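Colleague: This is what each chain is made of:
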Amino acid sequence: AQSVSQHNHHVILSEAASLELGCNYSYGGTVNLFWYVQYPGQHLQLLLKYFSGDPLVKGIKGFEAEFIKSKFSFNLRKPSVQWSDTAEYFCAVTPTGGFKTIFGAGTRLFVKA
Amino acid sequence: GAVVSQHPSWVICKSGTSVKIECRSLDFQATTMFWYRQFPKQSLMLMATSNEGSKATYEQGVEKDKFLINHASLTLSTLTVTSAHPEDSSFYICSAYNEKLFFGSGTQLSVL
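Here the protein sequences come in this chain order: B and S.
Numbering of the first sequence is given in the numbering used here, commencing with residue 2 and proceeding in unit increments.
Numbering of the second sequence is given in the numbering used here, commencing with residue 9 and proceeding in unit increments.
The shape of chain B in the complex, shown without the other chains (with noise of 0.2 Å):
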């Protein structure tokens, strides 16, 4: 069965500190991966997503996050966090040509200022 796993349902950092979320898949086929962040009080938004070429791709706010086919993981990773990134993560995938996007469960950031 198709699944995306999130490893970290919470997590806490102290601002400028570095962030890695990962995100595992299981799907028999190819896939596009996405990332997406929700603010409090605001609906969900595209950080960043994958269908091909360099496994290392970027998003909007100096997030980044690497394709590692080889361990099905997408995970995210920003070098420095801030306080506004505070904000719930959710890890999705697709398959390649096809409609239905299977989410993970989401990992929650809380930053300290």
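Source of the hints: derived by calculation from the structure; they are not laboratory data.
Some hints could be false.
[Said to hold, decoys possible] Within a straight-line C-alpha distance of at most 27 Å, the following computed DSSO-like cross-link-like pairs (lysine-lysine) qualify:
#1 S:Lys49 x B:Lys59
#2 B:Lys50 x S:Lys63
#3 S:Lys22 x B:Lys50
#4 B:Lys113 x S:Lys108
#5 S:Lys49 x B:Lys62
#6 S:Lys28 x S:Lys49
#7 B:Lys101 x S:Lys108
[To be verified] Every beta carbon over 10 Å from chain S, so not counted as near; a handful from chain B, in silico:
#8 Ala18
#9 Leu47
#10 Gly54
#11 Lys70
#12 Arg78
#13 Glu89
#14 Ala114
Here the structure is a predicted model, which means the values were calculated and not measured.
Think of the CB as a built atom: it goes at the ideal place given N, C-alpha and C, for glycine as much as any other residue.
Chain B is fixed; fit chain S onto it per the hints.
Modeller: Just chain S, lined up with the frame of chain B:
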């Protein structure tokens, strides 16, 4: 944990017909639900924010008369695609907010 149920998961319809998609929060009350649409090889696109007891807030470019949203109770929001056409074929997904966001399993709509 909280569960959001979306039904149907897959629907095929003829051009010109209307299709209703339901989004239910099974074990919590959701005053706010969101409807998204996803085209192949693209990310989710927010269509509208559904607020219980009031009119939905549509995003720019989304036709209100085409995509009717009703949020009549704290546990149910519906999206009706009226007079569906092949270009409406897409993946539709809802989410409900209860301290955090929970997603439905999505509906794949195919309009012939």
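Colleague: Evaluate each hint against the coordinates.
Modeller: Evaluated hints:
| no. | hint | verdict |
| --- | --- | --- |
| 1 | S:Lys49 x B:Lys59 | holds, 17 Å |
| 2 | B:Lys50 x S:Lys63 | violated, 32 Å |
| 3 | S:Lys22 x B:Lys50 | violated, 33 Å |
| 4 | B:Lys113 x S:Lys108 | holds, 19 Å |
| 5 | S:Lys49 x B:Lys62 | holds, 22 Å |
| 6 | S:Lys28 x S:Lys49 | holds, 25 Å |
| 7 | B:Lys101 x S:Lys108 | holds, 22 Å |
| 8 | Ala18 | holds, 22 Å |
| 9 | Leu47 | violated, 4 Å |
| 10 | Gly54 | holds, 13 Å |
| 11 | Lys70 | holds, 18 Å |
| 12 | Arg78 | holds, 19 Å |
| 13 | Glu89 | violated, 6 Å |
| 14 | Ala114 | holds, 22 Å |
In summary, the numbered hints that this structure violates are 2, 3, 9, 13.
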